[in-house]
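K.L.:
Listed below are the residues making up each chain.
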Amino acid sequence: MAFLDDLLRQGRRVNEHRPWPRAMVDAAVWRAVVVGLAEQRLTLLGLWGEPQRVHLAVLEEPTPEEPAGLAVVSLDCPDGRFPSVAGRHAPAQRLERTLHDLFGLVPEGAADMRPWLDHGRWGCAAPLGAAAPATSEAAAYRFLPTEGESLHQIAVGPVHAGIIEPGHFRFTANGETVVRLEARLGYLHKGIEGLMAGAELAGAARLAGRTSGDSTVAYALAFARAAEAALGCEAPPRAHWLRALMAELERLANHLGDIGAICNDAAFALMLAHCGALRERVLRTAEACFGHRLLRDVVVPGGVAADLDQAGRDAVQALLANIRERFPALVELYDNTASLLDRTVSTGILKPELARRFGAGGYVGRASGRGFDARRALAYPPYGNLDFEVPLREDGDVNARVWIRIHEVEQSLSLIQQILARLPQGATRSDLPVAAGEGLALVEGFRGDVLCWLRLDDAGRVARCHLRDPSWFQWPLLEAAIEGNIVADFPLCNKSFNCSYSGVDL
Amino acid sequence: MRNLLFRNLFRRPLTEPAPAPDEAGVAELAARVDAAARRRLGRSLSIREVDAGSCNGCELEIHALNNPYYDLERFGIRFVASPRHADVLLVTGPVTKNMAEALRRTYDATPAPKWVVAAGDCARDGGCFAGSYAVLGGVSAVVPVDLHIPGCPPSPTRLLEGLLALLDHVDGKAARQ
Chain F
1 MAFLDDLLRQ GRRVNEHRPW PRAMVDAAVW RAVVVGLAEQ RLTLLGLWGE
51 PQRVHLAVLE EPTPEEPAGL AVVSLDCPDG RFPSVAGRHA PAQRLERTLH
101 DLFGLVPEGA ADMRPWLDHG RWGCAAPLGA AAPATSEAAA YRFLPTEGES
151 LHQIAVGPVH AGIIEPGHFR FTANGETVVR LEARLGYLHK GIEGLMAGAE
201 LAGAARLAGR TSGDSTVAYA LAFARAAEAA LGCEAPPRAH WLRALMAELE
251 RLANHLGDIG AICNDAAFAL MLAHCGALRE RVLRTAEACF GHRLLRDVVV
301 PGGVAADLDQ AGRDAVQALL ANIRERFPAL VELYDNTASL LDRTVSTGIL
351 KPELARRFGA GGYVGRASGR GFDARRALAY PPYGNLDFEV PLREDGDVNA
401 RVWIRIHEVE QSLSLIQQIL ARLPQGATRS DLPVAAGEGL ALVEGFRGDV
451 LCWLRLDDAG RVARCHLRDP SWFQWPLLEA AIEGNIVADF PLCNKSFNCS
501 YSGVDL
Chain Y
1 MRNLLFRNLF RRPLTEPAPA PDEAGVAELA ARVDAAARRR LGRSLSIREV
51 DAGSCNGCEL EIHALNNPYY DLERFGIRFV ASPRHADVLL VTGPVTKNMA
101 EALRRTYDAT PAPKWVVAAG DCARDGGCFA GSYAVLGGVS AVVPVDLHIP
151 GCPPSPTRLL EGLLALLDHV DGKAARQ
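Residue numbers (the working numbering), protein chains in the order written: chain F, 1 to 506; chain Y, 1 to 177.
Source of the hints: derived by calculation from the structure; they are not laboratory data.
Remember, predicted model here, so these are calculated numbers, not experimental data.
Using N, Cα and C, we set each Cβ at its ideal position, and we do this for glycine too.
Treat the hints with caution; some may be incorrect.
Just the calculated beta-carbon pair ranges, DEER-fashion [what the hints assert, rightly or not]:
hint	chain 1	residue 1	chain 2	residue 2	range
1	F	C124	Y	R104	20 to 26 Å
2	Y	N3	F	D314	42 to 48 Å
3	F	P424	Y	A141	36 to 42 Å
Residues on chain Y that point at chain F, a partial pick, calculated with CB under 10 Å [as the list claims (entries may be wrong)]:
hint	residue
4	S46
5	E61
6	H63
7	Y70
8	G93
9	G126
10	G127
11	F129
If we strip away everything but chain F, and leave its shape as in the complex, we get:
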């Protein structure tokens, strides 16, 4: 991480930040980091604010010779202005607009200053910054203009036809072909980061686990690891292994559900029925083992809140046997149904170049040539001791995203088997000290890497917490992938991305 090290040396290291470095930098170094992002020497991991400060988390991608490098650079902006990141590096666009909405800080040189989360309905502006009263009523949102002959617009949402989260999609189409899609999200903004400030650790952990309901383990794990890093302590070994077991169960449940749902969006309901049954088995096993179908509030700072007994072990073993018996036939069915493949192959292609530029994680990135997986790149425990492969493809269409999920199901089954075989004995939770500190964590959820940055005050309460969903860098790519496809294929493309709404609306 030579490039990153050079930049950090020009700043002032913040000692209480763990485990990766954070440095206070001046505007010149900030700009150099932004140039590093624009030139793709660095990948954007996060951009968030405080009332008079902005933070930028970046990754120097791992190479065969060098491990991954992570760092946070921070810039004080007492005048409320900072050099725009999005002006040079488009993936920061919505994060920067959010930062402006929540803190009122102004990015200088930004290309797009439209509000993002702020729909003009909170009754105040910059609620986490100077919190001024709102200046105006909710104004109509200006969608990006499209020009050309015979174009028409289709407005969808925020309330959709299915049982899904709310969001607005504005299609501009020429006949059936989508010329441009622009998403407008933010409907689910609950003010999680505002509620976090001042919260006790336990309450904040519950909030983190409710940021995106299908990734509750991943979020709780990211928060717990950030808290443990901030306090300079570790969860007991058995807790690490149980956390991984839960994370893989969550991945399994979501991938199985997604594979079925994607096929269902191509009107192949048989697959949904079969995959839905397997998913239900996973959820019932999770409940039998840890007391909650979605494993909510089981991963806590310091360890885990429930242990696995012999009955739980047997239940997981039975689950593995069941999926191993049934799943291969479903994979074969997918692979041999020409009418289904006709819909998924070459639909919604995401180019590898875009996936790399946006640092897309999860199956979206891995179906388009970006193989980053936090479990592999950072090898947080116990993944350093487990054998698994990170599947990778280059074709980037709906079919590729289905196959990545299929391979990840197979990998998760193998991981769970290994965890059961090697689960260490001992305590499942350690006591946490009450102290101040800063921690950063990056963990692999089923969608991709979830980032949590945390600062604790002297009383051990949360002073500031930022959670960054993988979908921040996937939603914009969906807009690119749909271009040139027909409107009727949007549900298929959308489901193959399965981005989180709640996770990015916060």
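Guided by the hints, dock chain Y onto chain F, whose structure is given.
P.N.:
What follows is chain Y alone, placed relative to chain F:
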């Protein structure tokens, strides 16, 4: 595909079996929903789901009602794509300020007689999101609520229980009118 379909012909269905006398589980409950639904609504109850700010956890469990284990449609209860087709709005989440208008408009678009079921702990009073600058509160802060189903999220079994309670309520409300 033929093989898979053929094998399934001989496999027992996953759908929970008919009520067993000693089992107060899904099956028995399902049978009660069935009887009440048929009596009141002629074997047809249409639900429009509205996420007014949830974390998506409730949606996952509502989805599960359609899987082969619960198979909600066997009772004639189904989820519809438009509020204009709905008898019931099933609303989840604390109502965010950004979603309040959409929820109100969805309610207005639903023809009477209509019922609102609030699902999940957040839907009662905002849950752990109560007090935020961006949250109005529970579902009743925006539209009148007939029934609340607790849980974070409510399990599919709980949701079925709730729908049963709703159908009883529907009878009562209809008798008063």
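K.L.:
Could you tell me which of the hints above the structure violates, numbers in ascending order?
P.N.:
Hint check: 2, 3 and 4 fail, others pass.
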